[in-house]
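K.L.:
Using the hints provided, position chain G relative to the given structure of chain R.
Going down the list, the protein sequences come from chains R and G.
Using the numbering used here, read the first sequence as starting at 230 and increasing by one per residue.
Using the numbering used here, read the second sequence as starting at 11 and increasing by one per residue.
Some clues are possibly wrong.
Claimed, not checked - Stretches of chain G that chain R covers, calculated by requiring three or more beta carbons in the stretch to come under 8 Å of a beta carbon on chain R:
#	segment
1	118-126
2	372-386
To be verified - Heads up, simulated DSSO-like pairs for lysine-lysine below, C-alpha to C-alpha not over 30 Å straight-line:
#	chain 1	residue 1	chain 2	residue 2
3	R	414	G	285
4	G	193	G	404
5	G	59	G	110
6	G	110	G	193
7	G	59	G	285
8	G	59	R	417
Claimed, not checked - Okay, the calculated beta carbon distance ranges per label pair:
#	chain 1	residue 1	chain 2	residue 2	range
9	R	404	G	293	30 to 36 Å
10	G	297	R	422	21 to 27 Å
11	G	297	R	393	42 to 48 Å
12	R	392	G	173	57 to 63 Å
13	R	392	G	257	18 to 24 Å
14	G	117	R	410	53 to 59 Å
By construction, these hints were calculated from the structure, which means they are not laboratory data.
Glycine included, each C-beta is placed from N, C-alpha and C at the ideal position.
Here's the letter readout for the chains.
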Amino acid sequence: MAEFNSRADSVDVMRIMERIRKDIRKQRGPDDIERQHRELAEATRARCLEPRRTGSDRYERNRRLTLPGRFDRDPQGRSLAPEPFEFNEDTVYVSSGGAMGKLIRLIRRILNPILRLFFNPDPIIFAMMRQAEINDRLLDLLNRVNVEFERTGRKFAAREELDALNYEVVNNLVTEMTRLAVDMKNHKMLVESVAGRLDFDERRSRSLESVQQTRSAPQTVDAERTESDGTPAGSTRTRRRRRRSRRRPGAGAPSAATEATGETAAAGDAGKDENADAQVREPAVGAAPPDPTPTGADVSAAPAESKSPPAAASAEARDAAPPSPPAEPPAAAPPPAAGDR
Amino acid sequence: MRLAVVVQRYGAEIIGGSEYLCRLIAERLAGRHEVDVLTTCARDDATWKNSYPEGDDRIRGVTVRRFANDRTRDPAAFNEYSDWIHRHPHSADDETEWLKQQGPWSPGLQSYLEQHHRDYDALIFFNCLYAPTVRGLRVDPARSILVPAAHDQPAIRLDLYRGVFSLPAGIAYTTAVERGFLKRAFSIRARAEETVGCGVDFPPSHLHERSHPDQPSSPLSARGAVFRRRHRLYGPIALHGGRIDPGKGCEELLDYFNSYAEADGDTSLVLMGLKLMPIPNALHVRFAGMLSETERLEALEAATVVVAPSPFESLSLPALESFAVGTPVLANARSDVIVDHCQRSNAGLYYAGRDEFVACLRLLIRDDDLRNAMGRQGRAYIRANYRWDIVLGKYDRLIASLPTSRPGGRHPRSGRRRGQKTA
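Just chain R, same shape as in the assembly:
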């Protein structure tokens, strides 16, 4: 699309529209009419093949149509045409069989000249003979028409069977398409459900990871401190512990022994570590600052501490989840129900 010069207050809508229409004509090219026809045909076909718009009773309605029967027969198949009657010039004189009949026929012959005095029976006889011939020919024609009709009827019947078959196929197609549409919808819902579960799992794993980081962060800091500037690892923990104890004034300040017990329980029941811990914890509970010089016990305590879960993390874990066994490594601690939060 060409750019328009659209400086302030110089916009001419008609010029822009002309330009747009010109561009469209250029893009379309000479095959545009064919493309439009194709679009129209596609739209029509799409409407016809739309399964929701195709009546499922169409096949049944078609099946209810009655097939045409033969018009010269009654419903029982008997012919409706009368039997042919042969007529010749002697027919008017014929009487019943036997001697009496022959006598009557003879008398009629003898009296025939007298009859002719009253009227001429020849034209009547001639007309009747011609009518008999006409009847024969008509019957023959009727038979031939019947034969043709029957053959055409058979063709129609075959065609209708084919139509019925076509309708059945279309009906099946429609049914299948509807089933596929329903299946597709089900699959879509399934995908949505799986996506939801995946999302939930992701959130859960993220929260587990965050808990893991929270728990492992103090350990890392302690270890780094011990390694870098020789600060005892227990001092950080002491500060954290003190803050926690202040957060709960209603519960009263825990005694050093209680804290030591709790810490011992949390840190494990190794005798040496317990002593070292108690030494480090003492200044935290009292007022004296910790000795910055690392003692042998302090140094030895640091790696022992790093094996146990940090106190702060333990306190958080206690709030959020059942307590873990003290000797367990941090990775084995039961995760909080992050997804449930």
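P.N.:
Only chain G this time, still in chain R's reference frame:
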């Protein structure tokens, strides 16, 4: 001055159409004159069933006198009769019967007009199609003003309406397109004619020019930021306001917009108004629902483009309002009225097919300079033609052109000279 405004139905909850136009005009005229609205008790124009109580009412400072309808419309029978009358030769009585069936048919309103028309300085009739106007215009044509709100439709070609446009002394056309159509189709003998339309309110915060694009305002105070934040809209917006109805071109709009969204996926189509058709569940189509007046203006400000897909419009107030807030319009080219607005204002484009829709929308969304220039021109167009003082001034001119036969009737300007000695 005392004015009677005659309309087929009237109410604060009736949105759109000539009734809405009538209410806006009557409310504004009530500030300058004593206005009585004479109408029926109907609320629903499909049946004209009496819904409001008969008698006097007061709506937003306007006195409303309601009269009961004698009959309701049977839509099926009326449609059948309409089909017949448009396709077969018929008599004048048949057309009267058609007018009755169309409704509203209120003999009370007619007899009130006949008895009290001299109490008013002017009678203003809205919408030429309905019986109150067709019959009411005959009562006192010399002091009648017609607001036709007409467009080319089969019904207006009935002989019944041939006399309607030759009766009134004044005609207030809604648009220049309507004026051209009526002048071509009917013999008009009015002494005074004006193309008036309807006034448009400028939002107070946008009486000034929009801030220059080189100096962007903060996201919190940007145009339409509140609407965008509330509806979580972050990209460009194509907004349609009004009835969401296939008859209003919304099916075509959705179809065309899908074609546009396939290529430029970050634009959202926001539909605002009454939903009368299912809206597809697509990411780029958002339904904002019915909004308050303030929110509606915020939405128009927030929109990058306002789309007017209706092929039949007699005025298109949403398009004028979007011009007023400086948002360009993309209109259906089949609507002569909006195309005329776009061409006169140079503030909107129009589409006659899918390709044009896509090309126009793409251009309007991508070209900020074009949009800003169109916005400026749209505001200038509204300021020059559709400010309320201009619209009311035109009505005053029309009223002043009528003979004052009412005892004690005054010239519209005489109100301002109260207390001065007359010469």
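K.L.:
With reference to the structure, classify each hint as holding or not holding.
P.N.:
So, going through the hints one by one against the coordinates:
1. 118-126: violated (count 0)
2. 372-386: Since three or more residues must qualify, the claim that chain R covers the segment 372-386 of chain G holds, with 9 doing so at under 8 Å.
3. R:414 x G:285: holds (26 Å)
4. G:193 x G:404: Cα-Cα ~19 Å, so holds.
5. G:59 x G:110: Since the Cα atoms of residue 59 of chain G and residue 110 of chain G sit roughly 14 Å apart, the hinted pair holds (cutoff 30 Å).
6. G:110 x G:193: holds (27 Å)
7. G:59 x G:285: holds (23 Å)
8. G:59 x R:417: Cα-Cα ~48 Å, so violated.
9. R:404 x G:293: 30 to 36 Å: holds (32 Å)
10. G:297 x R:422: 21 to 27 Å: Since the Cβ atoms of residue 297 of chain G and residue 422 of chain R sit about 26 Å apart, the hinted range of 21 to 27 Å holds.
11. G:297 x R:393: 42 to 48 Å: Since the Cβ atoms of residue 297 of chain G and residue 393 of chain R sit about 46 Å apart, the hinted range of 42 to 48 Å holds.
12. R:392 x G:173: 57 to 63 Å: With Cβ atoms ~60 Å apart, the hint holds.
13. R:392 x G:257: 18 to 24 Å: Distance hint for residue 392 of chain R, residue 257 of chain G is violated at roughly 39 Å.
14. G:117 x R:410: 53 to 59 Å: holds (57 Å)
Hints 1, 8 and 13 from the list above are not met by this structure, while the remaining hints are.
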